[in-house]
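Participant: Quick mapping for you: the protein sequence lines, in order, are chains A and G. Quick note, the first sequence lines up with residues 1 to 316 if you use our numbering. Quick note, the second sequence lines up with residues 1001 to 1316 if you use our numbering.
Everything labelled a hint here was simulated from the structure, so no lab data went into it. Heads up, a few of these hints could be off.
Said to hold, decoys possible - To list a few chain G residues with every Cβ distance to chain A over 10 angstroms, as calculated:
#1 T1040
#2 D1118
#3 G1122
#4 S1242
Claimed, not checked - Partial chain A-side listing against chain G, Cβ under 10 angstroms, derived:
#5 L84
#6 D118
#7 Q130
#8 L243
From the three backbone atoms N, C-alpha and C, an ideal C-beta is built for every residue, glycine too.
Okay, here's what each chain looks like letter by letter:
Number of protein chains: 2
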Amino acid sequence: MDEFEIIRRYFERETAADVRVGVGDDGAVLIPSPDRDLITVVDTLVAGIHFPETLAAADIGYRSVAVNLSDVAAMGARPRWMTLALTLAEPDSSWLEDFSRGLFEAADPHELALVGGDTTRGSDTVVSIQIIADVATGRAMTRDGAEPGDSIFVTGTVGDAAAGLSILQGGLARSDDVDFLIRRFARPDARVAAGAAIAAVAHAAIDLSDGLFADLGKLLAASEVSGTLELADIPLSSPMSSLMAENDAIRFALGGGDDYELCFAARIADADIGAIAERAGVSITRIGRVDEGDGLRCTRNGDDYPYRDDGYRHFH
Amino acid sequence: MDEFEIIRRYFERETAADVRVGVGDDGAVLIPSPDRDLITVVDTLVAGIHFPETLAAADIGYRSVAVNLSDVAAMGARPRWMTLALTLAEPDSSWLEDFSRGLFEAADPHELALVGGDTTRGSDTVVSIQIIADVATGRAMTRDGAEPGDSIFVTGTVGDAAAGLSILQGGLARSDDVDFLIRRFARPDARVAAGAAIAAVAHAAIDLSDGLFADLGKLLAASEVSGTLELADIPLSSPMSSLMAENDAIRFALGGGDDYELCFAARIADADIGAIAERAGVSITRIGRVDEGDGLRCTRNGDDYPYRDDGYRHFH
Chain A
1 MDEFEIIRRY FERETAADVR VGVGDDGAVL IPSPDRDLIT VVDTLVAGIH
51 FPETLAAADI GYRSVAVNLS DVAAMGARPR WMTLALTLAE PDSSWLEDFS
101 RGLFEAADPH ELALVGGDTT RGSDTVVSIQ IIADVATGRA MTRDGAEPGD
151 SIFVTGTVGD AAAGLSILQG GLARSDDVDF LIRRFARPDA RVAAGAAIAA
201 VAHAAIDLSD GLFADLGKLL AASEVSGTLE LADIPLSSPM SSLMAENDAI
251 RFALGGGDDY ELCFAARIAD ADIGAIAERA GVSITRIGRV DEGDGLRCTR
301 NGDDYPYRDD GYRHFH
Chain G
1001 MDEFEIIRRY FERETAADVR VGVGDDGAVL IPSPDRDLIT VVDTLVAGIH
1051 FPETLAAADI GYRSVAVNLS DVAAMGARPR WMTLALTLAE PDSSWLEDFS
1101 RGLFEAADPH ELALVGGDTT RGSDTVVSIQ IIADVATGRA MTRDGAEPGD
1151 SIFVTGTVGD AAAGLSILQG GLARSDDVDF LIRRFARPDA RVAAGAAIAA
1201 VAHAAIDLSD GLFADLGKLL AASEVSGTLE LADIPLSSPM SSLMAENDAI
1251 RFALGGGDDY ELCFAARIAD ADIGAIAERA GVSITRIGRV DEGDGLRCTR
1301 NGDDYPYRDD GYRHFH
C-alpha cells in the first residue's frame, strides 16, 4: 500500500463546498470568504511523548484534531480546512481505518474539511495537523489584551485530562469515574463554540495545553500584567473530586496540562457570563483577577499558596 | 532549551506586512488578499528516508521549504505563509542555527513568511512544512486539463538530483560536476516564477518529485489521456552528460525523482514558449505529446522504448 493508496482509501471524501480542488493534486484549492482574516495553527503529537503508545488509534486521530481545534477556539475563530502529515513505522489497515474514523469524528461536527496530506515512513508515529480557520477582519482573540481589573475565567473543569493520563499509565481499576477522566484525555472537547462566544467580551484568551498555571502565566506575560488565582474557585469535575484527594486534584489542575479548556480575561457581570456559558453549552467559572505588575500568584481560600510551576514542556 | 525558546531564538522574525499576529500566540493571524483562491500544500521529510542522515542541517532546512514551494509552483500560485512542525531527537543549537538559516534562504527570495511552528521530541528527525499560497480566483493550475494534441514540456534539466543523491550515497570523488549534481539534490530550485508564467498557457501541470515517468503518468491519468515521451528530447545537464553514460542518465531522468522541475501540457508555438522561458529565467523543453487513450509510452529517436516505472514510493 503506497502513500497515494493510503490517502485515497482512508482520507479522501466528497469535496466540501468551499474546496475547489481537494486531496489528490499538488495542492488543495480553497475558496475563502470575503472580509475575514485567516488563522493558521499547527500541533504535532508524537507517540510515547504526547500520548501513550497504547492509546487507541481512533483516540489518536480524534485527539490530533481536537488539540488543534482548541488553538482555533482560543482565537475565537471558525475552523475551515485541515492538512495531515502522518509518519508511521508500518502502514496497517486496521490502524489507519480506526485513526481516520477518530479524525473525522473530531472534525465533522465543526465542518472542518481534510484537504491535503502526506504520509511518510519513520520509526515513530508522528501526527502533525494544521488547520486554517477564519475570523472577522481584525477580530481574532489574542493573549495580549488582559487589563488590571479584569477577572480571569475558565471553561469546563480543569485537571481531568492529566488525572486520566496518570490513570492510563498507572492502571487504576476501571469505573465510570475513571472512564470519564481517561476520556477527557483521549477525546478532549475543543471549545470552539465557547471561543466564538467569548471573543465578543474577552480581552485575552489562551487554551490550556500545558497546565492552567503555565498557560495563564503566558497570557499574563503577553499582556504585561500580573494575576491572582484562587485555588478554591478552580472548577473540578465530580469524578475528579471523588477519585482524588483535594491536594492531588489541585496539582493536576494547575500543572497537569492537556485540558484544552479556554482561559480568558474579561470585565463582565456574572449574569452576562452565565448567558455566554449557556449559549456555548459549557460552564464558565471566575477563578481569579488581573492586576498591575507581573507574575502569577495563587491563593487558597484567600491565603497565599506557594506553587512552583512544573508545567509540561518538550525538550526538558 | 524548551520549545518556546527554540521558536523564539531560531524562527521568530519581524512580522511581515500581511501577518497581523505571527509566531507566539495560539495561532497566526493572516491578512488575505481579495479575489484570490487559497492554495495549501504539505510535505514531510524524514531523515534516512527522504534525505541521507549526513545531509547538512542548512540543506535540510532549504530542501524542506523548496519541495513545498515546488508544489505551490505546480499550481501557478504565489507562496505567502508557512508553518513548520519539527521533530528532533535532541535540540542542538548549532544544528538549529544551520537548519533555520537554510530554511530562510529558501523562503526569503519568495517573501514567504514563517508564521507558526511546533517543535517536538522523537527518535527521528521529521520536518513537516505547510505553505499557504494564493492565486487569482479560479486560476489554479491542476493536473487534469491535458488534451489530445497538446505538447508535453519540462523546465530545466531532469535526473540531476537523483544522480546527486546516488553520488552522495556512493562517494564519487568531488569535482565541479559532482558538486553540481549534489547541489541539485540538496538545494532544489522551486520553479515558482516559471509556474506563474506557465499558468497562463498550460492545460495541466505537475512538479517532478517521484520521477518524470511516474509524475507525468499521474498528470495523464488525471486528464484521462495518453502520452508519448521522446527520450532523446529529455533535457540533460552537461555535468550529467559528462559524468554518466547515456543509459544511466535516462534512467535517472525517468525514474529518479527529486528534480522539482515542472512538467506541463500546453498547445503553444515554440516562440511563445521561448518568451515564457526567458521571462521565468529557466529553459523549457518540448519532450512529448498528448493523445487519446491512456498510459504513457516512451520512444527513443522515434523507436518504441520499453520502460518499467520504478518511481519512488513510500511504504513500498
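Participant: State for each hint whether it applies.
Facilitator: Hint check results:
Not every CB of chain A lies more than 10 angstroms from the CB of G/T1040, the least distance being 5 angstroms, so the non-interface label is violated. G/D1118, annotated as away from the interface, has a beta carbon of chain A within 10 angstroms; the closest lies near 5 angstroms. At roughly 4 angstroms from the closest C-beta of chain A, the C-beta of G/G1122 falls inside 10 angstroms, breaking its exclusion from the interface. Listed as outside the interface, G/S1242 is consistent with that label: its C-beta sits roughly 32 angstroms from the nearest C-beta of chain A, beyond the 10 angstroms cut-off.
For the restraint placing A/L84 at the interface with chain G, the shortest Cβ-Cβ distance is roughly 8 angstroms, inside the 10 angstroms limit, so the hint holds. Residue-level restraint check for A/D118 holds (minimum Cβ-Cβ distance to chain G is 5 angstroms; threshold 10 angstroms). Proximity of A/Q130 to chain G holds as hinted, the smallest CB-CB distance being about 5 angstroms (cut-off 10 angstroms). The interface hint given for A/L243 is broken, as the beta carbon of that residue sits about 30 angstroms from the closest beta carbon of chain G, more than 10 angstroms.
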